[in-house]
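Chains as they are written, first to last, in the working numbering: chain L, 297 to 504; chain Y, 297 to 504; chain S, 297 to 504; chain P, 297 to 504; chain X, 297 to 504; chain B, 297 to 504.
In silico DSSO-like pairs for lysine-lysine, Cα to Cα no more than 30 angstroms straight-line: (1) P:K337 x X:K335; (2) B:K309 x X:K458; (3) X:K391 x L:K455; (4) X:K502 x B:K502; (5) L:K494 x Y:K455.
Keep in mind that the hints were calculated from the coordinates and are not lab data.
Number of protein chains: 6
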Amino acid sequence: SEIFDKELYQDNKLAGVVTGLAWTSVGGEILFIESSLSKGKGKLTLSGQLGDVMKESAITALSYLRTQADELGIDHEVFDNYDLHVHVPAGAVPKDGPSAGITMLTSLASIYTQRKVKSRLAMTGEITLRGKVLPVGGIKEKILAAKRAGIKEIILSVKNRKDIEEIDERYIKGLTINYVEAVDEVLDIALLKDKVKKPMKFVIDKKG
Amino acid sequence: SEIFDKELYQDNKLAGVVTGLAWTSVGGEILFIESSLSKGKGKLTLSGQLGDVMKESAITALSYLRTQADELGIDHEVFDNYDLHVHVPAGAVPKDGPSAGITMLTSLASIYTQRKVKSRLAMTGEITLRGKVLPVGGIKEKILAAKRAGIKEIILSVKNRKDIEEIDERYIKGLTINYVEAVDEVLDIALLKDKVKKPMKFVIDKKG
Amino acid sequence: SEIFDKELYQDNKLAGVVTGLAWTSVGGEILFIESSLSKGKGKLTLSGQLGDVMKESAITALSYLRTQADELGIDHEVFDNYDLHVHVPAGAVPKDGPSAGITMLTSLASIYTQRKVKSRLAMTGEITLRGKVLPVGGIKEKILAAKRAGIKEIILSVKNRKDIEEIDERYIKGLTINYVEAVDEVLDIALLKDKVKKPMKFVIDKKG
Amino acid sequence: SEIFDKELYQDNKLAGVVTGLAWTSVGGEILFIESSLSKGKGKLTLSGQLGDVMKESAITALSYLRTQADELGIDHEVFDNYDLHVHVPAGAVPKDGPSAGITMLTSLASIYTQRKVKSRLAMTGEITLRGKVLPVGGIKEKILAAKRAGIKEIILSVKNRKDIEEIDERYIKGLTINYVEAVDEVLDIALLKDKVKKPMKFVIDKKG
Amino acid sequence: SEIFDKELYQDNKLAGVVTGLAWTSVGGEILFIESSLSKGKGKLTLSGQLGDVMKESAITALSYLRTQADELGIDHEVFDNYDLHVHVPAGAVPKDGPSAGITMLTSLASIYTQRKVKSRLAMTGEITLRGKVLPVGGIKEKILAAKRAGIKEIILSVKNRKDIEEIDERYIKGLTINYVEAVDEVLDIALLKDKVKKPMKFVIDKKG
Amino acid sequence: SEIFDKELYQDNKLAGVVTGLAWTSVGGEILFIESSLSKGKGKLTLSGQLGDVMKESAITALSYLRTQADELGIDHEVFDNYDLHVHVPAGAVPKDGPSAGITMLTSLASIYTQRKVKSRLAMTGEITLRGKVLPVGGIKEKILAAKRAGIKEIILSVKNRKDIEEIDERYIKGLTINYVEAVDEVLDIALLKDKVKKPMKFVIDKKG
Ligand SMILES: [Ca+2]
Ligand SMILES: [Ca+2]
Ligand SMILES: [Ca+2]
Ligand SMILES: [Ca+2]
Ligand SMILES: [Ca+2]
Ligand SMILES: [Ca+2]
Ligand SMILES: [Ca+2]
Ligand SMILES: [Ca+2]
Ligand SMILES: [Ca+2]
Ligand SMILES: [Ca+2]
Ligand SMILES: [Ca+2]
Ligand SMILES: [Ca+2]
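Chain L on its own, in the form it takes in the complex (with noise of 0.2 angstroms):
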């Protein structure tokens, strides 16, 4: 039985959900990255129980997306004008290390541009300051539960390619799975050109 919710998120309808894999000594798992904007301040919160390595995490994604807002055409007054909170679900279950690194960059990408992410889509990997993608472990357990879960795309790091070949090829059919180096491919796949329906309209207050 599974500990997190795998029917959680069947579509892709909400800006900032991205579906992310994770390993435990029983097994592998499918989990969700729940972001959220409202107006505020620039603050940030964490929630989910999350350990010190998976906040570290979360908080090198948003630098990493600050400096790129003008590539994404984010306008960068929107990250001192809204609160931004990512949760992970279920709140119960303490998670941590680096392997969300990529799943929440992508759900921060997502909320702030609102644009829609692609569906039956997982990633798993480090991600680095500057736009590296790291490999992480569990490879196998996470694939397996992929699959369980109906997801049909992946994304990796290239360097868990070696994993991958370990791997017999029937548990991998009907997967496609994406080998990246950095965090822009990731993007590249993993956000839709469309926005999400009714998207955010970001009001920034003008001081002076």
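Starting from the known structure of chain L, arrange chains Y, S, P, X and B with the ligands on it as the hints suggest.
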């Protein structure tokens, strides 16, 4: 004997008071979530010996509510011009877990809209940041406690339907059980159209 | 021998000083809640080696008072223009629990209204955020301590009536016991109409 | 041998320096409370390895002083325009307990009024927020230490009179002992009319 | 096998990325220091599971850089108008010690000047607040790791010269080793004259 | 072998660098206190793995200096317009105790006045908030370490004279030892009239 006082709130005269269901090793209990607002700068205070997961649950409920302010007719300026306090009596009993999520959200929605909460209604369920309702444990014990306390109607996650189906029918007789997938359904059921008597009138500081 | 000094406040000359009842393994005691205000920015200071539950109790009392400011004739600007300090002597004795809730609320109401507190009155009871009064433990021991200290009148939750009924009548003789359900009844009994001699005159900074 | 240096302050040239009496398992000691003010925004700094109770005692003394500012001729703006530092040498010796309360209050009153402190005077007693003086322990040991240090006059709570009466008279001979109930009596005895030489001149920032 | 990824940064296209040398019980490793700036108010964020000593090292490096702003042609306003993030991948590996001091300083100098960092260069050394370079441990292991990673040039404290002289010459062959006494020598070697492609253009908020 | 680097600062070219004397179970050592200022808002940063007592000592030194600003010709606005960092290399060695008090004070006085510190001078002594100098331990070991490091002149509390008198004369030969009672005597000896080359020019933000 009950830990919490089932007669504390027998009516729905006050905005921001909602009945939840708790579950300990010695059985189910009802509890109350109380919210209040007073002029301030948007500070959030949580009390009642709440554990980390329960605190995160309240914070997640508030973030969700902020994203739904327009839809609920809440002036967004109220969030920054009033301090919010959420308390769970009895104040010396430690409480934790995610299952008060929808109860907290309903309490917040009621206090910010000043709308009445349906009477003799109780609820239990985790919320997610984007408004999903997740199943929780202890359903049988909670149902028994609700009946003992005179509750007539319950809100649960659809994923808890199977737990209800395992309970002997005579325990459920007389109870209306609502199964929901998302938070907006909770509010459709729990919040009455009418405001409480002498509703608060929110005053917003004009700056500049 | 008493831990706390029962002769500390024999009169009601000062606003913000209220007599409570405590209960330890060696018996009941009276204690005093002291509040003071001084020009500031609304900071709250708690001292007297208070435990977490007792601190939350003070914070809950303050939130309740703020929601009742209009009804009590308190100018809401005072909360943000004066710093509040609540102290419980003796300063080295650790104290905890929710039972000083109504005593704290009365102390706050007195200091912000500058109204006198009824003399030879003591009280014990938990408050909730929306103004209910919950029962507390150690009633018999507290009643004995109150009598030893010369107290003539007591306020308790109605839910503590059964504890009083179990006490031998000669211990209660000469004591007036008030049973209340809600905080407004506490203030009706405890706060006199008269202000203290030389009441503070609150000065509000005009901004802009 | 003494832990603290009894010759550190042999005169009363500096405002804000007051002699207290401490008590450890190896006997009594004198100690000094030092206060200083410098232009700032009202920050309070405490140093000298003070325990929680002693820190609360300093904070309570400051709150009391603020409520008495008018009576002592202190311009209330000084509290927000100067930073206050209270230090207790020797800096590496841990110190705790409420008995330095009146010593701290006297130190604060002296530094804010720039009035001299009576020389060869020592004191020990807890203060309450509303200005009462509570008895403390170790009176005999403290009296012996005061005499060894050349102290001529002592201030104690009236409730410590019984402790003095149990001491052999030859130890007290030559010492003037003042018993007080309230803090204003302490200041009447301890603060001289004269200001120190070259008193600080407080400068208040005008805003607007 | 290496803990850190030696191929992560094979070129010097990005400002703020510098190669350091670490040393654990199982041998030497190279690591990368990454810095980034984004519009803000001068907040400093450190991530990568850094220990206290390593955090102090980053803070000391930043203080030194600020005192040298004029000499390096950095507009001092940038420090208060941009948030700085320093990250050390991999994010889950705990790291501590002072030996990344000069690497951090070089990373900061590069990101604030947008100048390129010399490629195939690595360094290890503690910095002091006034710009001295102190020797560090594990030199032999670090040199071996540098060679394995394709490093061609090293910067060390002059006080580490004796450690190099104890290493068999064939291990050092092909490596240029620079011995320095002070931080300005480090920057002379490590920072190229050229800026990176598309350098950040710093925008300063005008107040008033 | 020495823990700290006795050759680190052989001259007095930099303001804010002062030599202290430390004492561990394996003998005496010299250490350096480094201070630096950079444009800011008056923040104080302490680094070098300092313990609580040593941190309080730095804070006390700064408070004392602020009260003496006029006498030392320091513009008081500098304290609020520059950030101060005090560092004690080596950064990974834990350090504690009050004996660096006068060394820290001298370092601060030098950096704020930009005056040179006398060369080949070392000092050890606790300071009090009002400028007294208290004796410290390990005098013999510290003296031996000072001589090994080429120190020619020492500053001590007069209360440490007896410790010097117990040392065999040949160890002290060639050392000038200054005994002081108060901090102003320390500065009279340690601070030269001349400023360092290229002294900082302090720039004060005009508000309004
Ligand atoms: Ca990273
Ligand atoms: Ca691209
Ligand atoms: Ca959630
Ligand atoms: Ca609906
Ligand atoms: Ca309450
Ligand atoms: Ca009433
Ligand atoms: Ca007190
Ligand atoms: Ca008087
Ligand atoms: Ca340093
Ligand atoms: Ca140079
Ligand atoms: Ca001191
Ligand atoms: Ca002098």
